[in-house]
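Chain A is already provided as a structure; the job is to place chain B on it using the hints.
Number of protein chains: 2
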Amino acid sequence: MKGIKKIAIVGVGFMGGSLARAVLKKFPRVSLWGYARSKKSLTRLRKARVIKKLDLSIERVVKDADLIVLALPVRKIMEYFKVISPFLKKGAIIIDLGSSKSKIQKAANSSLPKSVKFIGCHPLCGSEKKGVEFSKPELYNDSFCLITSSSKSKASQTIKKLWESLGAKVIFINAQTHDKILSSISHLPHILSFSLSKHIPDSYLKFAPASLKDLTRISASPASVWTDIFLTNKKNIIKDIKGFIKILKTYQASLELGSKTQLRKLILKANAKHKKLSK
Amino acid sequence: MKGIKKIAIVGVGFMGGSLARAVLKKFPRVSLWGYARSKKSLTRLRKARVIKKLDLSIERVVKDADLIVLALPVRKIMEYFKVISPFLKKGAIIIDLGSSKSKIQKAANSSLPKSVKFIGCHPLCGSEKKGVEFSKPELYNDSFCLITSSSKSKASQTIKKLWESLGAKVIFINAQTHDKILSSISHLPHILSFSLSKHIPDSYLKFAPASLKDLTRISASPASVWTDIFLTNKKNIIKDIKGFIKILKTYQASLELGSKTQLRKLILKANAKHKKLSK
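Just so you know, the sequences run in chain order A and B.
So in my numbering, spot 52 of the first sequence is number 52, and the numbers just go up one at a time.
So in my numbering, spot 244 of the second sequence is number 244, and the numbers just go up one at a time.
Here chain A stands alone, though its shape is the one from the complex:
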């Protein structure tokens, strides 16, 4: 990679671990460092054998790095902007992989020194699973990666090429639009899945059909990640919850009326949307 000799990964979990593995596979000569926030975490990361250069000192991990990846929950990303700031070399590129972007962008603007470049990234390939043990080098292949910084800077072109070299399709989009879209296609769906799990009485669980298992799969998603996403995108999510309740009430009204015609119309429209979705 042009100009990228040392990469520091802060947050070697499912996403960060997968990125480390993908990068090492594609660029075996890059110097890849991973930060371990505790001795316990160091032991775990050593066992996982994803990154060789592991260190408990954030300073040693990020200093001299040309690229720092913050693969952390959203609030931690914002905290770590401050933590890493004193140690960053001039011209370093910082990226994150967070699922909400406006607040992160603001925090980056106010916390990071002017001598570095922040490029917000969101690869659309998460998992309800957590931890480096589930990481896989092919995670980003054939996925979308949304970049929420301007496409014009040299740094964003470098990052675009990095994602593309790992098989991702890059789309530039502003942070506000990103958060609106993600609220609709991911954040609301997670709330629906969590709520559905909550709704089903324990004694019914043994009858769960495959469809219910599909709908509740992401209700296993970790609270540590999702409380942050929800709180940093709450305006959009509240709007989406309200909109969704409105749709549920059209079903309720059609049922109360006993209107086959209305229900049929609603279902046929959903069928048509599903067709577009599965294209």
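None of these hints come from the bench; they were simulated from the model.
Check each hint, because a few of them may be wrong.
One copy or two, it doesn't matter: identical chains are merged, so the pair holds either way.
Stated by the list, open to error - Pairs of lysine-lysine residues, derived as DSS-like cross-links and limited to a Cα-Cα distance of at most 25 angstroms, are as follows:
#: 1; residue 1: K206; residue 2: K279
#: 2; residue 1: K130; residue 2: K260
#: 3; residue 1: K154; residue 2: K136
#: 4; residue 1: K160; residue 2: K47
#: 5; residue 1: K63; residue 2: K53
#: 6; residue 1: K169; residue 2: K206
#: 7; residue 1: K76; residue 2: K279
#: 8; residue 1: K180; residue 2: K206
#: 9; residue 1: K39; residue 2: K106
#: 10; residue 1: K82; residue 2: K260
#: 11; residue 1: K39; residue 2: K160
#: 12; residue 1: K53; residue 2: K246
#: 13; residue 1: K76; residue 2: K269
#: 14; residue 1: K246; residue 2: K235
#: 15; residue 1: K152; residue 2: K90
#: 16; residue 1: K180; residue 2: K249
#: 17; residue 1: K275; residue 2: K52
#: 18; residue 1: K89; residue 2: K235
#: 19; residue 1: K52; residue 2: K260
#: 20; residue 1: K213; residue 2: K136
#: 21; residue 1: K206; residue 2: K117
#: 22; residue 1: K260; residue 2: K103
#: 23; residue 1: K206; residue 2: K160
#: 24; residue 1: K276; residue 2: K206
#: 25; residue 1: K269; residue 2: K129
#: 26; residue 1: K130; residue 2: K152
#: 27; residue 1: K276; residue 2: K129
#: 28; residue 1: K269; residue 2: K242
#: 29; residue 1: K275; residue 2: K246
#: 30; residue 1: K117; residue 2: K63
Below, chain B alone, put in the same frame as chain A:
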């Protein structure tokens, strides 16, 4: 199968076709008949090569049958009780595969002659796919089949053995309890999936992550099947929609408050429920 020499399948689609294939595999000497409601349907069924004895006359299909399977949408099942009544032989067993049961049970009681036995069945292994072309002989293997008639009659024991011989686990349950459970684990989830598909703007669809695809998979389910299910179980479903909206509003309230603690609690509870669900 003891006492079952001729089986008539009315509704040779995904469920009925799969049952035909499973039965023919397990009991190759049984005389299996399929009803074709139109010439067009006859041509299609001939092409599918699932059942050899196909006939446009419902009389010829059901007369002398020891077992008649109504594998139709719920309202059609209720209609066909009347259609087949004049032709049923004494002692014949009639089963259905419908997803709501109370209304069907009532219709069976009022429409079928006293000389036959109706046993309500609901194998929990549907699909969003429709049509005999998708049928598969292993569909019922390792699935639950709920039987909503009393377990005491000879006929229900015969039907229990039939399902078990195809690999299904049979549970006897009354129709009212069945409908309450199914509203929660299947009917509400379908409404959520239809509603979610409706909610996502077209221009966002290209970004759909795998999680959204899982949640909207069953929004491809056919209106012909689901309007009937919804309308024949509407009291339970309305109650479930209302309960679900309440849960959504707890998320909305936690977001409005910006309460990390509350959101964390909600998500951890959903996580715990998911663990039970995936056991």
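At 25 angstroms max between alpha carbons, let me know whether K213 reaches K136 within a copy, between copies, both or neither.
both (23 angstroms within a copy, 21 angstroms between copies)
25 angstroms Cα cut-off: does K269 pair with K129 within a copy, between copies, both or neither?
This pair counts as between: shortest inter-copy Cα distance 17 angstroms, intra-copy 33 angstroms.
Copy assignment of K130 with K152, given that the CA separation must stay at most 25 angstroms:
neither (34 angstroms within a copy, 49 angstroms between copies)
Check K206 against K279 for me: Cα-Cα at most 25 angstroms, and say if that holds within a copy, between copies, both or neither.
between (33 angstroms within a copy, 9 angstroms between copies)
Intra/inter-copy verdict for K89 and K235 if alpha-carbon distance must be at most 25 angstroms:
neither (36 angstroms within a copy, 65 angstroms between copies)
As a check of your reading, is K39 near K160 (CA-CA no more than 25 angstroms) within one copy, between copies, both or neither?
neither (34 angstroms within a copy, 58 angstroms between copies)
Up to 25 angstroms CA-CA - K279 versus K76, copy category:
The answer is neither: 36 angstroms in one copy and 32 angstroms across copies each exceed 25 angstroms.
Reference check for the pair K117 and K63, CA-CA at most 25 angstroms: within, between, both, or neither?
within (15 angstroms within a copy, 80 angstroms between copies)
At 25 angstroms max between alpha carbons, let me know whether K130 reaches K260 within a copy, between copies, both or neither.
Close across copies (20 angstroms), not inside one copy (44 angstroms); limit 25 angstroms.
Intra- versus inter-subunit Cα pairing at 25 angstroms for K82 with K260:
between (58 angstroms within a copy, 22 angstroms between copies)
With identical chains, the pair K53 and K246 could be close in the same copy or across copies; at 25 angstroms between alpha carbons, which is it: within, between, both, or neither?
neither (52 angstroms within a copy, 49 angstroms between copies)
Copy assignment of K275 with K52, given that the CA separation must stay at most 25 angstroms:
neither (46 angstroms within a copy, 34 angstroms between copies)
In summary, the structure is inconsistent with hints 3, 4, 7, 9, 11, 12, 17, 18, 19, 21 and 26 from the numbered list given earlier, while agreeing with the others.
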